[in-house]
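J.: Starting from the known structure of chain A, fit chain B onto it as the hints suggest.
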Amino acid sequence: MWQTMTVRFMRWNRRLAVSLTCASAALALTGASPPTAPFVHKKKYVMGTVFEIVAYGKSLPQASVAIDQAFQEILRLDQVMSDYKADSALSRLNRSAHSHPESVPPDLYRVIEEALRYSRLSGGKFDIAVGPLVNLWKAALRGDRTPSTAEAERLRACVGYQNVELLPPDRVRFLSPCVQIDLGAIGKGYALDRAADVLRSSGLSRALLNAGGSTILAMGAPPGRAGWLVHLRDPSNQVDPQVMLFDSSVSTSEQTQPSLLSQESAGHIIDPDTGVPARTPFAVSTVTKTATASDALSTTLLLMGPEKGRDLVKGVADTAAIWISADGQLKVASSGPQILLPDGMQVGQERQNRIR
Amino acid sequence: MSSRKMFARKTVLTLVCLLPAMPGWSKVLLHWTQPSVPPAATMGIKEILVFWDAEALIRTAHRQGYRVYAEVPVAMAPAMVRISVQNELAGIVLNPGDSQPGQVDQTLLQLRSAYPRLPVLVLDAKAKQPQMKGQLVIKKDGILQVSSPTAQPWIDSNLALIRLDQAFRPAQTPLYEFQWDLDDSLQREQGPDTADYLLAVAEAGAFHADLILDLHPKLQNDLLQNNTAAWAVFNQIKRYLAFSSRADKDAGQPEANVGVITDTYQNSYEPVNLFARHNIPFRVLKTSDLRPQNLENFDSLVVFATPDERATAAIADFAAQGGIAVLVGWRGSYPWQSAQSVPAGEHSVSYAWGKGRVIELLALPVTDPEVFAQDVRRLLEKDKVLISLWNALTTVAVPYRVPGSGKEVVELVNYAQEPLRVQVQVKGSFSSILYETPETGCCESLTPVQRGGFTEFVVPSLRIAGRVHLAGGTPATR
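Protein chains in written order, with the numbering used here: chain A, 1 to 356; chain B, 1001 to 1478.
Looking at chain B on its own, in the form it has when it is part of the complex:
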């Protein structure tokens, strides 16, 4: 194939992949696997997801009043054109499994050609069940226990995955699904706790991502049998679905003053995961997006990719203007190396460059992502920290802001699933603080305290999900 034809083909492929995408399609889809389903009016939801080859269920669900989405693995996508219920579908979700990105894009193109009127979305199946992890590992051959020094609670959060997806597949709202981690006999029998469902819904809403939520077969069957306890559980889930759907999707971009430059999930995932864990507001950029105008809001850059000449110039310019750039794991000849270096950590050197500096960390992958994340947070001068939490080792907070609006929203998720009293400090001065939760509704007024360009307040009780609306003041400027 000639290079011109190849270029044209790639261009068409890219356009076809991008055009039908619906960035505003932000929702939680319940994944139903049982042969029958209660009517949509009874369930109080309008959309449902089923496997692509469950034709009878697709037909039934459609008849019951649902908009039905079908999940299809890449390998089975060609067979999907043969199913007889295409007209009953409202959308298709493509599960890439272990397929290569090129194969996924090709399949996406085929599906969008075959179903031009249906939204076809790509699922990220690398997600984990959001949870506060323990140290015990339950396996088929026993219970593994490894002793360690006391550590902060380990949180399995999908924020890093979502931020990486936003950079790598910008035309689509990140969409993910996870398998429940049911490790003991009681859980396998009963299914996830109610709080586990609520946490999953809360997380997707707080991070402005789309979620496919697997309902445990027992819960599905209990709902079908009109079990009162099951309906009580489901009504709680619905309350959280409503709360998440009220997340202001027009609240703007997540606030971020740390830029992460990477072109792959590898090498950067764990450090980025720990950034999320330590409430470091970050945004992921690909190397091709490393231009001065894209770096204006950042105070720090963490670079995992090897920069080309243009990217190197952007990094040097960023540091010269007062930023701190941390370059992870690559060696080369760069302009800042003409400045005198001073040792930083064990495997790092620091160069003063203009008003800022560049730190080169030679280890890749990062040997200790936990320490690295704490280092990155400490590199930010105190007056540049966008958000700080106390008494919140199990809480992830994401601030959102529309520039120029004078308003900010902070989404809070507590992975411990039990009420916490959380102290919050947000950069900027706000006079009005309103707090809402799925349990209490909107809104309780909180008392702000202004201190040195920051607003402090106390969230009285954060069980799983909470949303803080800040207004009437001056958001942080950089």
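For reference, chain A alone in the conformation it holds in the complex:
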């Protein structure tokens, strides 16, 4: 199902504070009951952001130990997927796979395999093989000069997912001398999925896992609730879309906000087609079954935009997406999950059987 609604609001930009206020009100309106069951909440700095896990367990110590084990799994994966740590498996791959096929750990092989699948699915809009371009623009964000068109063009010519070849069962080869892999658009989601595996193996079934707010994975639901209610990023601060997660995930992507004092523009999301930061007014949130998928698709759908993105959403089972701009443009697509809008309009197929 596809519905488009364009609403224009006066720009109002208090962001998180306002979102949380709205969230409080919304919770009250939905009649959410207090979480009487004890839960454990922990957070950890890893992969350059804050991972959080809230979990209900048979006992607080059980939940606490399980969360610690899940964090250990995320730390382990950081050591595999980090492009910052010189001794990570990814860094070794980026140094050596230009000259010969490199054996990689199973997790790295698997996440690259998944990423290439989304690259093919999106016609290259999702691309992990644009590391040099990402690094170029990251430097601009830190205050270095804005790269020239020629610099970006030169790099764009030698990067791209077609330059990454998988050689089963565990080897990777680069087909271009300058290509490098950056897992920033999928790695946190993959880590959440593996952390959830650890929680399940520890006997937990009700947990919410969060990677920096941009990817959230729900296991089951809190006691007495239908699911985990998540308020989605809304740059207009007027719509307050929500999603009820139950064994599913949501990810949000948005380009870096433009400078207030300068006309130079940089950004952390690079359009592989142009080699420069994507210019889009939208924030996009994507709901899927796994965090790997939602993480990858949110960046993809931000780059594709709502018009092209809806076809992708329709073609992937159990997926929904919402695009919202600061001036109130709102577009929603779904092949299953519901995204709840405040006026009662629900977009997507009824899936009450999964919301218990």
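By construction, these hints were calculated from the structure, which means they are not laboratory data.
On a predicted model such as this, the values are computed, not experimentally measured, just so you know.
Take the hints with a grain of salt, since some may be wrong.
[What the hints assert, rightly or not] List time: in silico DSBU-like cross-link candidates among lysine-lysine, alpha-carbon distance up to 30 Å: (1) 1384(B) with 1238(B); (2) 85(A) with 1384(B); (3) 1355(B) with 1286(B); (4) 1133(B) with 138(A); (5) 1133(B) with 85(A).
[Stated by the list, open to error] Sample of chain B residues at the chain A side, in silico, Cβ under 7 Å: (6) 1134; (7) 1186; (8) 1344; (9) 1345; (10) 1371.
Using N, Cα and C, we set each Cβ at its ideal position, and we do this for glycine too.
T.: Relative to the frame of chain A, chain B by itself:
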């Protein structure tokens, strides 16, 4: 009341408020709430803070060997003269709560008149528990989760509050207290993690402020019952207290090349908070302090207050000599507007003025303090950045320097509470780099690398608190 009498009264009030203040009174006071307390000799600390009306505890603590400070809310201060343990007190801490500044000053005057021999200090209760925040908000009615693009870790730091307090109440070392943010069942039962206590102590020491540290009731009771685990926790806290007390309070003023001009916490707090978060060394001045001689060390000015004629002249002069002034949210007629303007950001215009420029940002409050702080940092030319950190998204660094000493101290606080390897670049050339932490003591020698007027070094492991001593060279000059 005649204006002369009013003036005289205000003058006396100001003097009384200022004279007994003790700017050097820099410490962490443990707040004790249980009816009894272990002896001072057992605890290994000499000073403690209790509520003003806990007379039995004040008496007991005094007998146990403590210098006892009493915390009293403004509303209850008049009643404090009736307590029977005044002679057992070593000092008074006035908690303003929601009182108006005038009422706080008046109460301060009354207390200082009633207790002329006691230090009476004003508490800033707006502080937050220092911590690396998550995105989940735990409330009574549920767990709130708002999705967002990936953001840098949000740090709740008290540096901005401390810098604002230093400007608004200059006669007193900033003194603050916060409530623990215990949001899950386990934490409410057990109290803060040990690392949370350590971070709080580390922060106050690094920022050269005074802290009242609330000990969780469970920890107090466990200490009273001689619980081994509790004493292990407390011994770690003491190690951090010792480290913080070794912070060289004579290390001079915090280095700053960004001046923030404001007369209120409102409008300026969040942007200033983000300056702290992004390691932009700044100092806060009131508009009345906006004189050319006070701006000599600044490369940039960020002005939140409406300047009068004299302040406008100072800003124009600052820009004419090569500075960059950013004026936030006010419109008016100013001399630099005679120059041709060019659009800057979405709501800002820039005027070239002499060797520098003035940027007027029309939005107030600043719509996106995070972006604004990054903009202000980018406005500084690379050779004017005093300190830069890499691999340090959860670290706040504050450089201190005594002019002419050839030495500099950088205090580091890591809010992630787990060891980080941090790369640091400091403006100036230094040949000796010594690094100390509460865990390892003083000092490990680090290898400096000189590059283009900067000194670079790597801090091998910063868990929560670290202090770097730089010497043997030429500090930055401006």
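J.: Looking back at the hints listed earlier, which ones does the structure fail to meet?
T.: 1
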